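J.: Kindly produce the complete structure, drawing on both the sequences and the hints.
Its first residue numbered 31, the sequence shown is counted upward by one per residue in my numbering.
Heads up, some of the hints might be wrong.
Only pairs whose alpha carbons sit at most 20 Å apart, straight line, appear in this in silico PhoX-like list of lysine-lysine [stated by the list, open to error]: (1) K112 / K102; (2) K50 / K112; (3) K50 / K37; (4) K94 / K123; (5) K37 / K102.
These aren't lab readings, by the way, just hints derived from the structure by calculation. Please read all numbers here as calculations on a predicted model, not as lab measurements.
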Amino acid sequence: MSQKFIKSQNKNPESVAYGKYYAQAVYDSKFIETEDLADYIQSQASVKRSDIIAVLTELGEAMKHYFELGQKVHLTGIGIFKVGFSSIGVAKKEDCGAATITSRRVLFQPETERVVVGQENKNGKVKQKYVVAKTLIKDVVFEETHDNAVNAATSTGN
Numbered sequence: 031m032s033q034k035f036i037k038s039q040n041k042n043p044e045s046v047a048y049g050k051y052y053a054q055a056v057y058d059s060k061f062i063e064t065e066d067l068a069d070y071i072q073s074q075a076s077v078k079r080s081d082i083i084a085v086l087t088e089l090g091e092a093m094k095h096y097f098e099l100g101q102k103v104h105l106t107g108i109g110i111f112k113v114g115f116s117s118i119g120v121a122k123k124e125d126c127g128a129a130t131i132t133s134r135r136v137l138f139q140p141e142t143e144r145v146v147v148g149q150e151n152k153n154g155k156v157k158q159k160y161v162v163a164k165t166l167i168k169d170v171v172f173e174e175t176h177d178n179a180v181n182a183a184t185s186t187g188n
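T.: See below:
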């Protein structure tokens, strides 16, 4: 399978990129739910589906607990999750506080790894060339589609 995209033209005459074409991601209309993840993990490991669902369900509660303590959560092979927020600006330091926080969100920083893509000979020394790849998506293949929505049956194998 692959990540689908369509070619989309920037039609905003105010933009410096007006008229240019860009690849725009197209996603399946179906979300992958906890049960879907459990089925997949069960097929890849020797753990029962019911145990996987229990762990995934508790994962959200565990992350919430640590966010409430001001902690960042690192999931190996996935990345780091932490709380982020926005606040309004105030003129005086003493007026800045929790009441000025206007929104909150979860920030995600994907785990990365160095991937060697070749080497070069520089001044008689061999130097590796590499890129930093996001672990979760380094093997994703891209494929153009002409549909604005991907059919759930074709993307999940159902």
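J.: Among all the numbered hints in the text so far, which are the ones the structure does not match?
T.: Hints 2, 4, 5 not satisfied by this model.
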